[in-house]
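Since the structure of chain A is already known, use the hints to place chain B on it.
Protein chains in written order, with this note's numbering: chain A, 457 to 813; chain B, 21 to 326.
Honestly, the hints are just simulated from the structure, not real lab data. Note that the structure is predicted; figures quoted are calculated from it, not measured. Keep in mind that the hints are not guaranteed to be accurate.
Claimed, not checked - Which residues of chain B face chain A? A few of them, derived with a C-beta cut under 10 angstroms, are:
#, residue
1, Leu27
2, Ala34
3, Pro37
4, Pro134
5, Tyr229
6, Gly267
7, His275
8, Ala276
9, Ala290
Don't be surprised by glycine CBs; every beta carbon is placed ideally from N, CA and C.
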Amino acid sequence: MRKIFGLAATAALALGLSAGTSLAEDPLKVGFIYVGPISDHGWSYQHDQGRQAIEKHFGDKVETTYIESVSEGPDAERAIERLARSGHDLIFTTSFGYMNPTIKVAKKYPDVKFEHATGYKQADNVATYGGRFYEGRYILGQIAAKTSEKGVAGYIGSFPIPEVVRGINSFMLGAQSVNPDFKVKTVWVNSWYDPGKEADAAKALVDQGVDIMLQHTDSPAPLQVAQERGIKGFGQASDMIKFAPEAQLTAIVDDWGPYYIERVQAVLDGTWKGGDTWGGLDKEMVHMAPYTNLPEDVAADAAKTEAAIRSGDLHPFTGPINKQDGSAWLKEGEVADDGALLGMNFYVEGIDDKLPQ
Amino acid sequence: MNGFEALVLTIITASTPLLLAAIGELVVERSGVLNLGVEGMMIVGAVAAFGVAHVTGSPLLGVVAALFAGVAMSVLFGVLTLNLMANQVATGLALTILGLGLSGMIGEGFIGEPGQRLAALHIPVLSDLPLVGSIVFSQDILVYASIALVIGTYHFLFRTRSGLILRAVGDNHTSAHALGYSVIKVRFLAVMFGGACAGLAGAYLSLAYTPQWVEGMTAGRGWIALALVVFASWRPNRVLIGAYLFGAVSILQFHAQAAGIGVPSQLMSAMPYLATIIVLIIISRNVTLTKTNTPACLGKAFVPDR
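Only chain B is shown next, with the shape it has when bound in the complex:
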């Protein structure tokens, strides 16, 4: 493995959890719901994945468990905000706090236990190709899932009728309701999708990124994913660019430090944030287009009046 390959592989590892969590939240926000509980769903996914993989010895079962754990958390959010009309911002924050505490409690028995690693897929012939073999054809299942989710989401949102309905619900829930679409049902499904993605992002952390369980191991990645969605102006392709840019810059700044480039490390640590924000702002500089992309009903509760 040469230096370039190693670098790219590390960047993919750093970007994947952000991408998974962000693409889920993008769909949630497109439907008009603001779920600030990404961090909480992610960490519960992480502990569920680690725990199940640890007990059963199968990382794949761990991934499945994380998916369900993320969905369970999001259902809680959905019931509170969509059915019981609780404030979305407050509920989302509470979900994060709940997730961090709950995962710590569940994970108490797993502290200091070495984890199971999610194995990379090996495709005969293709995986053995030079360069592309290791970068493109030897990733684990979650990396492929993250890319597939971006393409799938793009296709769904902009090329299918259901995607159009979801966007309509997010842009004007009153009209969508008047047309006979069930706003609550659409939003609930979107919220569950977001939970599943956040769960997978958590699984990636505890099974592939750093195969171990330590409390608070998400370390703010859920919040970065949330910010990515906004700066990417709710476009799946831009979320992909943003996540990889963030991953790339955070890895490159470590390389720059190790190579002894004399830039203050504090500035270096801020680089991923700066670079991502600047680039995404430049991409989204067309104000009219950005306005069209912003879900107009984002964060607004929907009460069917009849």
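Just chain A, with the same shape it has in the complex:
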């Protein structure tokens, strides 16, 4: 049975290919896999903005497809393979948990080019890309330490993976640069996207006495709780000021458009290569939303830090930094290399919580 299906698929593919060669003006097919719905107003929403940017920029030359709400795991492999089989030339898989499925499918389809977001496994036809969101988190840390009266922030985490842990560490380093005794309470919801749970976690944190909050999950629900309970917070992945006009101080905004356009252009030109791109404020992959609801001097300092990170004068992970247990990690003046950052699985000194392993 399977063989028959396989043959049928090959036949269909062969037909598709021959049709492709006879029509030279066929558009380039670009596919996207999203972990949430495009209307999450967070992570997946921003990736879809990037997809729309491609359509706008290239017009008839490209044709884009997306599959949303694909859970990380076996489902992902099927979804990615579906795009690969249906003649897509370039496929963006936009969540960390798609890493192994992407590599697996990429092996089967060597002529299709893959781009995996926030991962670290590459192949000849698999490139990885990500944003240095931790740069933004450092700025949030400084703002939090200056704004919080209690000196305690609440942090809602999704999963304890390096991407999230790095954000927490960077946030704390930023906060410690202002107030060495600053504390953070972390709550893990073990989900990227569940507005109800995110709100529950936010309420629990407020009830435990935090007066500033940030999240590494994808919905605006925690910020909405901050607004209701009269504390401050930060937007995640996109500008969420509409949900919290008085509570949002700023937001880390992901901007994938320029990178996506660059990569599609590379495929069109035949210059596409694997590798890793990790862009931050400097590459415009990470933006800060306007600084609002802040005293002028705090906003000005934040803008200064932002400029320093953008120009490369300031790297959030610059020694001396100790690990949580007090052992030395970076020496005075030493800057963490990207490998260490990408695989980060420990907290820095000053965080009391234990990192779930």
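For chain B alone, coordinates are given in the frame of chain A:
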């Protein structure tokens, strides 16, 4: 507001949507119909509530809209499974998929729009009492509705003649039919009641829990409600216990995490499920009683032979 009050209020918020959806499904299953489309009806209710509240500016109208939206979805299910004899499991699953897609389409224009919040009722004097004032007398209408529905359902099922007929239809549809009761009519009404409750649960999500519309915001709560009904062995009072237990444990585990208790967060996230299942199994440990409570015709199609 002190810490304890805040905690209890958060628990009530987390439990209410589960309770609303579960009590509706309980009546549906007692009549012998298995509707796996709770998640779908709930999310359509959520988008209807948000949309109408957003357009008219009245959250109460939103609640009404959610009720009708839930019923509309359940009527679709009823026609397919009761009149056209489609498979209940497959139809229920299809209803969930339809609901998730349909709500996403309807809700496209509401993305990123801040929502209307369903206001809490303020009862003079009573609402101002310390502690009980904020917990018991200052809830929104849907919280009161959920408790009233549990009491009402209990009374209806076990203290009224119509409730007896409904249970008879669920336990042995052939006999009920032979006695002259309209099995299809009873089941249709039960299915519609389930739809209305699921719609209200959705309204609670998009108007009170997190007043916003985002796609897929039910995030599996419909499935939890379905499981609650089974583990509560089809008893309304146990559904109440189960829903509140689930809500309480999910909130308490966040508090435990925030307080820095060194238990792995993955285990913490599993706690609500574990605790609820264990407690409800202990409550329902009497096998004979559980068997009597299980609707014997659950999920079986009824074809009147004459």
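Consistency of the hints with the structure:
Taking 10 angstroms as the C-beta cut-off, the interface hint given for leucine 27 of chain B holds, the closest approach to chain A being about 6 angstroms. A hinted interface residue such as alanine 34 of chain B counts as satisfied when its beta carbon comes closer than 10 angstroms to some beta carbon of chain A; here the least separation is about 6 angstroms, so the hint holds. A hinted interface residue such as proline 37 of chain B counts as satisfied when its beta carbon comes closer than 10 angstroms to some beta carbon of chain A; here the least separation is about 8 angstroms, so the hint holds. Hint status for proline 134 of chain B: holds, given a least beta-carbon distance of 6 angstroms to chain A, under 10 angstroms.
Checking tyrosine 229 of chain B against chain A: minimum C-beta separation of about 5 angstroms stays under 10 angstroms; hint holds. Interface restraint check for glycine 267 of chain B: the shortest CB-CB distance to chain A comes to about 9 angstroms, inside 10 angstroms, so the restraint holds. Annotation: histidine 275 of chain B was flagged as interfacial toward chain A, and the flag holds, the nearest CB pair being 5 angstroms apart, inside 10 angstroms. Using the Cβ-Cβ criterion of 10 angstroms, the hint placing alanine 276 of chain B at the interface with chain A is satisfied: the shortest such distance is roughly 9 angstroms.
Against a cut-off of 10 angstroms between C-beta atoms, the interface hint on alanine 290 of chain B holds, since the closest Cβ of chain A lies about 9 angstroms away.
In this structure, every one of the numbered hints holds.
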